[in-house]
Amino acid sequence: NAGVMQNPRHLVRRRGQEARLRCSPMKGHSHVYWYRQLPEEGLKFMVYLQKENIIDESGMPKERFSAEFPKEGPSILRIQQVVRGDSAAYFCASSRADTQYFGPGTRLTVL
Amino acid sequence: SQQGEEDPQALSIQEGENATMNCSYKTSINNLQWYRQNSGRGLVHLILIRSNEREKHSGRLRVTLDTSKKSSSLLITASRAADTASYFCATDAGPLAAGNKLTFGGGTRVLVKP
Chain S
62 NAGVMQNPRH LVRRRGQEAR LRCSPMKGHS HVYWYRQLPE EGLKFMVYLQ
112 KENIIDESGM PKERFSAEFP KEGPSILRIQ QVVRGDSAAY FCASSRADTQ
162 YFGPGTRLTV L
Chain P
84 SQQGEEDPQA LSIQEGENAT MNCSYKTSIN NLQWYRQNSG RGLVHLILIR
134 SNEREKHSGR LRVTLDTSKK SSSLLITASR AADTASYFCA TDAGPLAAGN
184 KLTFGGGTRV LVKP
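The listed protein sequences derive, respectively, from chains S and P.
Per this note's numbering, numbering of the first sequence is gapless, rising by one per residue and ending at 172.
Per this note's numbering, numbering of the second sequence is gapless, rising by one per residue and ending at 197.
So here's chain S without its partners, still in its complex pose:
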């Protein structure tokens, strides 16, 4: 039973480039969540998606960030024109009901 998978595990981008983070939920899970974690802090909710639908994006920055969960394939978190402040660990979680299972995260470093 594969857990939540995220790739890449580490991503380095220069300011102004785009970052694409991928998340494959656990088998049978239809809910996907993205969270961001800054060093020495807890996780902050960004967005909650089901297949082809964004359910709650109350934690997403208004500009440069977008997320999708297409009918086929992984969920994608996209950050356009990255800035140094986007450097963080981005975690994806999936659930079938109320317990959320987390992936290993993508650590984004913006130079």
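Do not take every clue at face value.
Claimed, not checked - Listed below are the simulated SDA-like cross-link pairs for lysine to any residue, each with C-alpha atoms no more than 25 Å apart in a straight line:
1. Lys105/S / Ala164/P
2. Lys123/S / Gly146/S
3. Lys153/P / Ser119/S
Because the hints were derived from the structure by calculation, they are not lab data.
Owing to the predicted nature of the structure, the values given are computational and were not obtained by experimental measurement.
Could you slot chain P onto chain S? The hints should help.
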């Protein structure tokens, strides 16, 4: 402001001792979940306690929930060096029965010395 606040922020104990950490939150919740995070790793789900439950056990873990005080505690008994990690509480405050975002506290960093 954070929904969950852990206390203490850091805890250092000897192997074999018990570790207790607390979490307070502000609004009514559906459930509260505890997670462990080893340095630089993802989160491991430890235990979920629902708002109508008061205590739950899983192996060496014991979680309590007091909804009147809006607080929860996590007790790790007979700690081991491998328990060294950060522990986070996360609250599900609805409004749905499932599929709600979790609000995390800042975590308690636990160091278990051999």
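Each hint tested on the structure:
Distance restraint check for lysine 105/S and alanine 164/P: the Cα-Cα separation of roughly 28 Å exceeds the 25 Å cut-off, and the hinted pair is therefore not satisfied. Our distance criterion of 25 Å between C-alpha atoms is met by lysine 123/S and glycine 146/S, whose separation comes to about 15 Å. For the proposed pair lysine 153/P and serine 119/S, the alpha carbon gap of about 24 Å is at most 25 Å, so the pair holds.
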